[in-house]
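> 11 is the number of the first residue of the sequence shown in the working numbering; add one for each residue after it.
One or more hints might be untrue.
Unchecked claim - Below 20 Å or equal to it, Euclidean Cα-Cα: the simulated SDA-like pairs (lysine to any residue) are:
| # | residue 1 | residue 2 |
| --- | --- | --- |
| 1 | K167 | P214 |
| 2 | K189 | W208 |
| 3 | K202 | V159 |
| 4 | K294 | N310 |
| 5 | K210 | E82 |
| 6 | K269 | K298 |
| 7 | K108 | R85 |
| 8 | K108 | K189 |
| 9 | K308 | P190 |
| 10 | K108 | P158 |
| 11 | K167 | A207 |
| 12 | K167 | K189 |
| 13 | K269 | I246 |
| 14 | K212 | A106 |
| 15 | K189 | P158 |
| 16 | K56 | E82 |
| 17 | K56 | N310 |
| 18 | K56 | V87 |
| 19 | K212 | E199 |
| 20 | K212 | L123 |
| 21 | K269 | K308 |
| 22 | K167 | S120 |
| 23 | K108 | E238 |
| 24 | K202 | G136 |
| 25 | K269 | N310 |
| 26 | K272 | E242 |
| 27 | K292 | A106 |
| 28 | K294 | E304 |
| 29 | K202 | T271 |
| 30 | K294 | E245 |
| 31 | K269 | P311 |
| 32 | K189 | A207 |
| 33 | K212 | K292 |
| 34 | K269 | V235 |
| 35 | K167 | R177 |
| 36 | K167 | W208 |
To be verified - Now the in silico label distances, taken between C-beta atoms and shown as ranges:
| # | residue 1 | residue 2 | range |
| --- | --- | --- | --- |
| 37 | H296 | E161 | 21 to 29 Å |
| 38 | E82 | K308 | 41 to 49 Å |
| 39 | K308 | W208 | 43 to 51 Å |
Hints were generated in silico from the structure; no laboratory data involved.
Think of the CB as a built atom: it goes at the ideal place given N, C-alpha and C, for glycine as much as any other residue.
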Amino acid sequence: MTIDSGFNHITVLLDEAVEALAVRPDGCYLDGTFGRGGHSRLILSKLGPGGRLLGFDKDPQAIATGQALAAEDGRFVVVQRSFAELGSEVAERGLAGKVSGVLLDLGVSSPQLDDPERGFSFLNDGPLDMRMDPSRGISAAEFVNTAPVEEIARVFKEYGEERFSGRMARAVVERRDIKPFERTGDLAEVLKVANPAWEKGKNPATRAFQGLRIHVNNELGDLEVGLEAALEALEIGGRLVVISFHSLEDRIVKLFMRKLTKGEADNLPRNLPVRFEAFVPKIKIHGKAQFASEAELKANPRARSAVMRVAEKLR
């Protein structure tokens, strides 16, 4: 566990993820979601003097933590960019095709969820923001106050998997015409009233808030781009380790890895001449999907939805 600004953060699948990277003392590694540095610190402990670690994060608070770590350890550098941009960052540093392992720990960190001022959670009232990088893009408030009802419903349904997306979106638009939304508590209350069937043990605003967060931060789009960029950055034999926290993320990761185990020819039209290399898989999947242990779940209930998948680059 690490402490950050009064908020507890426990790194999920810490030992399992770093073990899956198969860290070499002289290797070059990327932590695509630095967060509060749990995975990065463990990777650094396994690196020798010639090893290197590059961290990415959009969150300014995470970057501040990363810069402090970089000041302590010259083998580590952190940049304030999405892991979707790792391709250009790696190219600029002359590391394309030379990276020994990439770790992507997706989702939102505990400090982000627990800090009301970030606007990620409906549990504590705060500004309706939800941006991992508050200096970029539009906030959740801007989106719900300006987007057409059809777009809000799509976000609730597609990203939040909310059954009553249309009904809840209409309630949002009706209320914003009277008074724009500014606070998480205000939006949560409107969504709560508009949801006709509450799930046992789950706040009725949960799915809609998830959809908003994913949309505002382009999380699924970044993931698709980031996976491709990570594969290109890896050297032959390099490992890709991805920890996802909900079914939409895990589906993208699973399909990406499954497609590359079949070779490119599997996705080409029939009767089209192809080279032999097109039949050769690009990656090898290591083991089955891995989940948090019972001991970890007791220490950190938020790990219950974590799924880790591991692949090795073959060519």
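> Check the hint pairing K189 with P158 against an upper bound of 20 Å on the C-alpha distance.
This hinted pair holds, its Cα atoms lying about 16 Å apart.
> With the threshold set at 20 Å, check whether the alpha-carbon distance from K212 to E199 stays at or below it.
Holds, because 14 Å separates the two Cα atoms, which is no more than 20 Å.
> For K56 and V87, compute the direct alpha-carbon distance and say whether it is at most 20 Å.
Between K56 and V87 the Cα gap is close to 16 Å, so the pair holds against 20 Å.
> Mind checking the alpha carbons of K292 and A106 for me, to see if they're no more than 20 Å apart?
holds, 16 Å
> Does the structure keep K167 and P214 at a Cα separation of 20 Å or less?
holds, 14 Å
> Between the alpha carbons of K212 and L123, is the straight-line distance 20 Å or under?
Holds, because 16 Å separates the two Cα atoms, which is no more than 20 Å.
> Could you grab the alpha-carbon distance between K108 and E238 and see if it respects the 20 Å cut-off?
holds, 15 Å
> Please verify whether K269 and V235 have alpha carbons no more than 20 Å apart.
Within the cut-off at roughly 15 Å; holds.
> Straight-line Cα separation of K202 and G136 no greater than 20 Å?
The hint holds at about 17 Å.
> Quick one, are K189 and W208 close enough, alpha carbons at most 20 Å?
With a Cα-Cα distance of about 26 Å, the restraint between K189 and W208 is violated, given a limit of 20 Å.
> Straight-line Cα separation of K294 and E245 no greater than 20 Å?
holds, 14 Å
> Below or equal to 20 Å on CA atoms is what counts here, so check K272 against E242.
It holds: about 17 Å lies between the C-alpha atoms, which stays within 20 Å.
Hints 2, 4, 5, 8, 9, 10, 12, 14, 17, 21, 22, 25, 28, 29, 31, 32, 33, 37, 38, 39, counting from the list given before, are not met by this structure.
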